[in-house]
Amino acid sequence: MIDSFVFPLLKILIVLNATLVGVTYMVLLERKVIAWAQSRLGPMRVGPYGILQPIADAVKLMLKEDITPTRADKWVFTLAPIISMVPALIIYAVIPFGDHVQLFGRSVSLYITDINVGLLYVVSVASVGVYGIILAGYASNSKFPLLASLRASAQLISYEVAVTLTLVSVILMSGTLSMVGIVRAQESSHMWYAFVQPLAFVIFFIGGLAETNRAPFDLPEAEQELTGGFHTEYSGMRFALFFLAEYANMIVVSSVATTLFLGGWLPPFPNIGFLSFLHFIPGWIWFLFKSFVFLYIFIWVRATLPRYRYDQLMRLGWKVLIPLAIVNLVVTAIIKVALS
Amino acid sequence: MGEAIAFYTISAFILGFAVLVVTARDTVHSILFLVADFLFVAALYVLLHAEFLAVIQLLVYAGGIVVLYLFVVMLVNLKRPAEDYKDPRRRSALGFGLAAAILAELAAIGAWSYTTPPHVVAESASTAMPFTGNTEQVGWLLYTSYLIPFEIASMLLLVAMIGAIILAKREL
Chain A
1 MIDSFVFPLL
11 KILIVLNATL
21 VGVTYMVLLE
31 RKVIAWAQSR
41 LGPMRVGPYG
51 ILQPIADAVK
61 LMLKEDITPT
71 RADKWVFTLA
81 PIISMVPALI
91 IYAVIPFGDH
101 VQLFGRSVSL
111 YITDINVGLL
121 YVVSVASVGV
131 YGIILAGYAS
141 NSKFPLLASL
151 RASAQLISYE
161 VAVTLTLVSV
171 ILMSGTLSMV
181 GIVRAQESSH
191 MWYAFVQPLA
201 FVIFFIGGLA
211 ETNRAPFDLP
221 EAEQELTGGF
231 HTEYSGMRFA
241 LFFLAEYANM
251 IVVSSVATTL
261 FLGGWLPPFP
271 NIGFLSFLHF
281 IPGWIWFLFK
291 SFVFLYIFIW
301 VRATLPRYRY
311 DQLMRLGWKV
321 LIPLAIVNLV
331 VTAIIKVALS
Chain B
1 MGEAIAFYTI
11 SAFILGFAVL
21 VVTARDTVHS
31 ILFLVADFLF
41 VAALYVLLHA
51 EFLAVIQLLV
61 YAGGIVVLYL
71 FVVMLVNLKR
81 PAEDYKDPRR
91 RSALGFGLAA
101 AILAELAAIG
111 AWSYTTPPHV
121 VAESASTAMP
131 FTGNTEQVGW
141 LLYTSYLIPF
151 EIASMLLLVA
161 MIGAIILAKR
171 EL
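Protein chains in written order, with my numbering: chain A, 1 to 340; chain B, 1 to 172.
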């Protein structure tokens, strides 16, 4: 009873709440880091060093007037933010934050579930998220959101191919689709896959930037051309949902990258003997730390690089990343067969 | 018991959404109902312990093919008022005849599967497999028993892909 109902529900509750709080603080972190990169201070007024700014933001968004354009498709207009938020949250069901821990005399796993097809589940649920963007653009009945949503969905579909191909190389290495199994495979081979599959790692990260519509691939939100992008007509809480979904997706990409390429909850360099003292730090702290590094790089890239032009984006996706990912996959397969 | 309840609930949702797909006035709404339908079909696969098929159903149909439908519908813009449509070439009798034939075939299959004992060959094949996981079993079967159909299907897909490239880019 306790193991099959109470603990899973508690874990779901904790993960969802931690994600939502993490998302709001990601917004603050982004504003702070970009401010520092541009020699500004960033939010400073609400609480010491602006630490309570997310709460003020949330209250502001909830109190704002929620406008539906007159000729919008009301049902789809309301549904679109929900469709983009839900996939971002349910992916956390398969992300392993750590191994087992002893809690109240029980062995509790630090993941909600470990299904046999975990990685495919992540890919397919993420591919449903594109509906939120397309429908938002369509339902607004307005030209800029429609253009932005067409751009966004073309971009997502294009980069999904390259990302999925890199995942196949990882599956070839690990021999399993389970997220926990992939971390265990890295443990038993004493090597993070970032070192074995550096090309796949880089392609995955670039594709992740594009799939979350982040700079330098944030064309769907190009303010200068599209007056804000697919959520131009949204306001209040529905806008906030799109905003949260983008940051939740960033955390998802960081967590998946950590699991696949940086050994999940494993401490660094499990193959070097004198570094084994690093095991005294619990696994979930390693996991959160590695994910945080990814999130920081996301923000750093945004503060550093200018936006791509649309044709450059498509050329990079189809003519550089996909061929590289295919070559990487073939080479991985050949080496795997030669070594076995 | 629980499994039966889940099965009938999911089936009711599948049939309900299928009805909504054909009755919705707005084509985009109809496509959305189709996506919901596919999600419940995936749930049915999970109920049958075919997790791999469920996830692939989600990935290929909900995440891929229907997105393309949506693209086409949005770009073509079918927002015309529904008009009373009389086509002299309409073959209502032929349509109803075909529908009746398909229903009869389904009924025959249903009746046949209730009267004959369950297939035993599949059982022995699954016990001979060296794997336990659902994904591994599907892969094993695809590369042993069903190799030829698998290769023919991939050839077909390759031909379709090359055809699409040639159609899209006439001056290669």
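Everything labelled a hint here was simulated from the structure, so no lab data went into it.
Each hint should be verified, as a subset may be incorrect.
Said to hold, decoys possible - Per label pair, the in silico range of CB-to-CB distance:
| # | chain 1 | residue 1 | chain 2 | residue 2 | range |
| --- | --- | --- | --- | --- | --- |
| 1 | A | Ile-82 | B | Ser-11 | 48 to 54 Å |
| 2 | A | Asp-114 | B | Glu-151 | 32 to 38 Å |
| 3 | A | Pro-69 | B | Thr-116 | 54 to 60 Å |
| 4 | A | Lys-143 | B | Leu-48 | 31 to 37 Å |
| 5 | B | Ile-102 | A | Lys-143 | 23 to 29 Å |
| 6 | A | Leu-147 | B | Leu-167 | 55 to 61 Å |
| 7 | A | Met-237 | B | Lys-169 | 40 to 46 Å |
| 8 | B | Lys-169 | A | Asp-114 | 58 to 64 Å |
| 9 | A | Val-6 | B | Leu-48 | 51 to 57 Å |
| 10 | B | Gly-16 | A | Met-44 | 53 to 59 Å |
| 11 | A | Val-21 | B | Met-161 | 55 to 61 Å |
| 12 | B | Ser-113 | A | Val-21 | 48 to 54 Å |
| 13 | B | Glu-151 | A | Ile-55 | 20 to 26 Å |
What the hints assert, rightly or not - These stretches of chain A come out as covered by chain B in the derived footprint (C-beta under 8 Å, 3 or more residues):
| # | region |
| --- | --- |
| 14 | 231–244 |
| 15 | 333–339 |
Stated by the list, open to error - Some chain B residues well away from chain A (every beta-carbon gap over 12 Å; in silico):
| # | residue |
| --- | --- |
| 16 | Ala-42 |
| 17 | His-49 |
| 18 | Val-55 |
| 19 | Leu-98 |
Even for Gly, the Cβ is constructed at its ideal location relative to N, Cα and C.
Hint check:
1. Ile-82(A) x Ser-11(B): 48 to 54 Å: Roughly 25 Å apart at Cβ, these two residues miss the hinted range, so it is violated.
2. Asp-114(A) x Glu-151(B): 32 to 38 Å: holds, 33 Å
3. Pro-69(A) x Thr-116(B): 54 to 60 Å: Cβ of Pro-69(A) to Cβ of Thr-116(B): about 59 Å, so the range 54 to 60 Å holds.
4. Lys-143(A) x Leu-48(B): 31 to 37 Å: violated, 45 Å
5. Ile-102(B) x Lys-143(A): 23 to 29 Å: violated, 44 Å
6. Leu-147(A) x Leu-167(B): 55 to 61 Å: violated, 25 Å
7. Met-237(A) x Lys-169(B): 40 to 46 Å: Once the Cβ atoms are compared, 45 Å apart, the range 40 to 46 Å for Lys-169(B) and Met-237(A) holds.
8. Lys-169(B) x Asp-114(A): 58 to 64 Å: For Lys-169(B) and Asp-114(A) the Cβ distance comes to about 45 Å; the hint is violated.
9. Val-6(A) x Leu-48(B): 51 to 57 Å: violated, 28 Å
10. Gly-16(B) x Met-44(A): 53 to 59 Å: Given a distance of about 54 Å, which is inside 53 to 59 Å, the answer is holds.
11. Val-21(A) x Met-161(B): 55 to 61 Å: violated, 45 Å
12. Ser-113(B) x Val-21(A): 48 to 54 Å: holds, 52 Å
13. Glu-151(B) x Ile-55(A): 20 to 26 Å: violated, 59 Å
14. 231–244: With 0 residues closer than 8 Å to chain B, the region 231–244 of chain A misses the three-residue bar; violated.
15. 333–339: violated (count 0)
16. Ala-42: Not fine: 9 Å to the nearest Cβ puts Ala-42(B) too close to chain A.
17. His-49: violated, 10 Å
18. Val-55: With a cut-off of 12 Å, Val-55(B) comes too close to chain A, as the shortest Cβ separation is near 4 Å.
19. Leu-98: Holds, since 33 Å exceeds 12 Å.
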